[in-house]
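Protein chains: 2
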Amino acid sequence: MPVAQKRFTLYDLEGRTRPWSPHAFIVRMILNYKGVPYETIYISFPDIRPTIQKLDPNHEQYTIPFLVDHYKRVTVVDSVEIAGYLEAQCPMTPSVLPGGIQPLCSFWYKDFLHPKVLVPMLKLLLAPVCNGVLDHRGAEYWRRTREKRFGMRLEEMAGTEERWTQLWETIDPELQRIGRALRSNKHCYLLGSTPSYPDFSFCAALAWAQVADERLFKKILAAHPAIWQLWQKLSIYTGGP
Amino acid sequence: MPVAQKRFTLYDLEGRTRPWSPHAFIVRMILNYKGVPYETIYISFPDIRPTIQKLDPNHEQYTIPFLVDHYKRVTVVDSVEIAGYLEAQCPMTPSVLPGGIQPLCSFWYKDFLHPKVLVPMLKLLLAPVCNGVLDHRGAEYWRRTREKRFGMRLEEMAGTEERWTQLWETIDPELQRIGRALRSNKHCYLLGSTPSYPDFSFCAALAWAQVADERLFKKILAAHPAIWQLWQKLSIYTGGP
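Which chain is which? The protein sequence lines are A and B, in order. The first sequence maps to residues 1 to 241 in UniProt numbering. The second sequence maps to residues 1 to 241 in UniProt numbering.
Be careful, since some hints might not be right.
A pair counts as met if it fits within one copy or between any two copies, since identical chains are not told apart.
No farther apart than 27 Å at their CA atoms in a straight line, the calculated lysine-lysine pairs in the DSSO-like style are these [as the list claims (entries may be wrong)]:
#1 Lys72 to Lys186
#2 Lys116 to Lys6
#3 Lys186 to Lys34
#4 Lys54 to Lys6
Calculated directly from the structure, the hints in this document are not laboratory data.
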């Protein structure tokens with residue numbers, strides 16, 4: 001192992017704009033907030049599976065983000081799992097899972113944030129991500145797999161103003177719930193007096209929109225004043241390497 | 001106010017067996033765990049709306065549980081809201097919302113526990129609750145409103161072994177998720193080293209099944225060893241007054 005190598009490597013998704021992946025943004029923001037040294041390796045969609053298989057043949061989940069801990073020779077997938085791993089390995093850094101909320105964060109992500117915010121956002125961003133964000137190979141892969149999954153051309157999903165608005169209207173009530181939850185806490189976090197996994201995971205969705213579609217990004221920011229306030233505090237953690 | 005009156009009154013649902021309501025069980029278990037003195041008034045389904053309108057004309061949510069604080073002359077609905085109210089009013093009692101998890105508990109309840117556990121349980125319990133648990137007026141109301149909502153006779157919903165099993169099979173994976181979350185914590189709670197709102201709200205569903213359908217109750221208890229373990233610890237809090 002070269003001396004200069006950082007302890008952690010974050011595997012993120014390649015794109016013409018970097019970084020852009022909402023799932024990897026969660027881990028990136030948490031690494032930045034914790035001040036943990038890491039480097040990023042960007043890989044294109046078709047390379048996810050072979051890359052993970054090569055790094056750790058025992059893994060069966062081929063998803064980004066993927067974190068490698070070079071000291072422990074451990075690989076971890078899934079943003080909640082990675083957050084939990086970093087809590088245990090870097091106990092002197094600020095916690096993003098205070099009071100043992102890791103299991104509750106799995107429910108937050110799988111039953112709320114993913115189905116009710118990220119999936120409708122994905123529908124709005126299908127074409128913008130393909131045509132404006134991804135690298136050439138990633139765009140080809142994205143178009144083929146997503147057009148098959150949704151049974152239509154990417155451009156059809158949110159291609160008319162009416163369809164765009166319909167999709168937006170499924171997201172807005174959920175943003176209001178997030179806004180009210182933030183507003184109910186004088187610190188304007190989803191939990192306690194410091195930012196934690198739920199805040200970072202939501203802001204990662206905002207960071208994704210910022211890269212992929214200015215209109216959607218501005219609509220989300222304007223949906224509730226508390227969302228704007230949270231983004232002002234946490235957007236500093238969205239940067240590279 | 002008579003001198004002997006308790007500070008809090010919990011409005012719960014009338015039945016031939018008392019108590020039985022899953023939503024009221026959450027608050028009852030929390031009151032018992034906190035050791036807060038309270039009395040219960042049981043009201044029949046058709047009386048919920050007029051009772052709440054009389055107690056507090058400003059309320060627009062006509063649901064059980066409903067908590068009255070006689071000292072503060074305040075009425076609170078919704079189990080998460082009531083838990084938050086009790087935390088603020090009884091700060092010397094053990095917390096069920098440690099570290100400011102109240103907003104996260106709303107998501108846990110509304111996006112996970114209610115749609116993925118309570119609603120399929122309700123479908124299994126539609127007929128048993130009507131025919132075995134409710135008082136006469138409540139049963140008439142339940143049959144009329146629930147048959148309209150589901151578009152079938154109560155007895156049809158889970159009336160065949162096949163249908164019962166189909167519904168059970170939608171609950172079981174969610175119970176496995178709860179079991180794994182409990183198992184990931186050495187204290188066997190969903191969060192931290194003491195029971196909190198997520199634990200009580202899930203055990204309230206178990207308490208409901210115990211009253212309404214022995215078969216379902218035993219199936220849930222047997223679904224995962226950690227669920228059995230949690231129930232051993234928290235079932236003591238399901239009692240009256």
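Hints and how they fare:
In the homo-oligomer, the alpha carbons of Lys72 and Lys186 lie at most 27 Å apart only across protomers (23 Å), although the nearest pairing inside one protomer, at 39 Å, exceeds that limit. In this assembly of identical chains, the alpha carbons of Lys116 and Lys6 never lie at most 27 Å apart, being 36 Å within a copy and 42 Å across copies at closest. With identical chains, the CA atoms of Lys186 and Lys34 are at most 27 Å apart both within one copy (23 Å) and between copies (25 Å). For the homomeric pair Lys54 and Lys6, the shortest alpha-carbon distance inside one copy (20 Å) is at most 27 Å, but the shortest distance between copies (66 Å) is not.
In the structure shown, a violation is registered for the earlier hint numbered 2 alone.
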